[in-house]
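Note that the protein sequences, when read in sequence, are chains A and B. Under this note's numbering, residues 622 to 756 are what the first sequence spells out, in order. Under this note's numbering, residues 20 to 347 are what the second sequence spells out, in order.
Since the hints were derived computationally from the structure, they do not count as laboratory data. Yeah, the Cβ is synthetic: ideal placement off N, Cα and C, and Gly gets one too. Errors might be hidden in some of the hints.
As the list claims (entries may be wrong) - Listed next, with one range per pair, are the computed distances between beta-carbon atoms:
#1 A/Arg684 - B/Arg80: 42 to 52 Å
#2 B/Gln91 - A/Gly709: 34 to 44 Å
#3 A/Pro631 - B/Phe324: 44 to 54 Å
#4 B/Gly129 - A/Gly715: 43 to 53 Å
#5 A/Glu688 - B/Met270: 26 to 36 Å
Stated by the list, open to error - Which stretches of chain A does chain B cover? Using the computed rule of at least three CB atoms under 8 Å from a CB of chain B, they are:
#6 722-731
#7 740-753
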Amino acid sequence: MTRPELLLGPDAAVAGEKGLEVRIRQPWYRSLPLSSVLDVAVELDGTPVPDDRIRLRVNGRARRIAELAPCWDEIWFIQDEGAVEIDGAAGSPGDEIAVAVAIELRFPYIIIDGVGPLTRRTDAHRTLTVQEGRA
Amino acid sequence: MTHSIKRGVSLYSFQEEYFLRKLTLEDCIAVSVGFGALGIETIAEQMMPGFPDLSDDFYRRWDAWREQYGFQPTAHDMFAELKLYPDRARPTGELVEDLKKDIDHTARLGATVIRILAATPAEVVELAAPYARDKGVRLATEVHAPRRFSSDWFASHFEVAERVGPDVVGICPDLGIFVKRLPKVLWERSLRDGADSDFVKRVVDVYDSGEDTSTLQDEAERLNLGPLEQDIALQATRFIWEEPRQLLDYMPYIHHVHAKFYEIDDSGEEYSIPYQEIISVLKEGGYDGYLSSEYEGNRHIQDAFEVDSVEQVRRHQEMLTRLLADED
């Protein structure tokens, strides 16, 4: 369940209220607490976006990636999109943009002997057409 | 041989279609029942948003589906979030409280078994057992590869099962402990990814002949091979072959069976797991619970093929029907 297409779908670029958003999914078969998201990294047209310009919005609330660690009692449901809000990135419907996203998940229930909880990084990249805003 | 083994499906099987919103929870139930698999096993964290605080509305809908489709809820798969906190271990008391919520949920679904994740400390199972007994729910620790019957891990869980009694605590063998030949979908993927074909063949030969797989990673290193070869060498160590007749030692404790499969090919057989042999043992031992289809091939083929879990489950159920009807 970690194939890139599950993370970044063909309609992932969205013109949000504050600018460009990249809609991602948690590429796993069961929902995980938000604290399981160790990292989300984004590149737009080949340029990495600094961490301090990224927020992940899940369940209607946007947070910096570093703020996710204590969110162990909030679940990101597997059928729900997460919106990566990117400060200062513009995008109008119809624009084309090359997007790369990486997500690193930690599975709090899969413990590898001698190592600890399993972590897995999924990388995806696509050239996307920016879509109209949606909920 | 007459038997009372029943067919079911774990909705884990439909993870790809559910993720892609091609199937709803109700669709997954309807599809399974359509194959004559009347036992439905569920994963709340997969298909029941809001768990563990599900609404009365949800449970009423569930009851209505039971009425409409005529299925029997079998097992709820729990997860022990052992490493929930980044900086400290999860206290035992919290894990027990979580398990009690799983027990309440299972009882409310009308199911009678909880699949206990293998990594759950045996102590947690023992502490929750009296509550499970009161609610009519059995706790079945999953025996899942690479864990073996002959291990300290199994001994600690079995000790609890013996102390509490098999009416409440037992096991759920996952048939992935009986992988006789390395799954074809696994090594075909490795070849598609570009791994060295001689080395892949070597890994398959070592595994399929029952030799020690633990030295394969060192071998890949000595041969100066790369991450793809290291990966297939590592994966080979995660599969195991146990002698199916070992099940006969634990029959009163087997409350549920995960009928794991990776691929049912056009011949209608599971390439890697000798189902006929295993089902024959379960009949001999008088197993009367469910064989719950658990498809896990999607992750190995999704790079190149459209995943069709529904067709795979259909074929698997057809195979189970045939083998259960066999006079052996």
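Verification of the hints:
Checked against the given bound of 42 to 52 Å, the beta carbons of A/Arg684 and B/Arg80, roughly 32 Å apart, lie outside it. The hinted window of 34 to 44 Å between B/Gln91 and A/Gly709 is violated, with their beta carbons roughly 56 Å apart. Remark: the range hint 44 to 54 Å for A/Pro631 to B/Phe324 is contradicted by a beta-carbon distance near 19 Å. Checked against the hint of 43 to 53 Å, the pair B/Gly129 and A/Gly715 passes, with Cβ atoms roughly 51 Å apart.
Taking the beta carbon of each, A/Glu688 and B/Met270 are about 51 Å apart, not inside 26 to 36 Å as hinted. Counting residues of the region 722-731 of chain A whose beta carbon lies closer than 8 Å to any beta carbon of chain B gives 4, which meets the minimum of three for the stated coverage. Only residues whose C-beta sits within less than 8 Å of a C-beta in chain B count toward coverage, and the region 740-753 of chain A has 0 of them, not enough to reach three; the restraint is violated.
Checked against the numbered hints listed earlier, the structure breaks hints 1, 2, 3, 5, 7; every other hint is satisfied.
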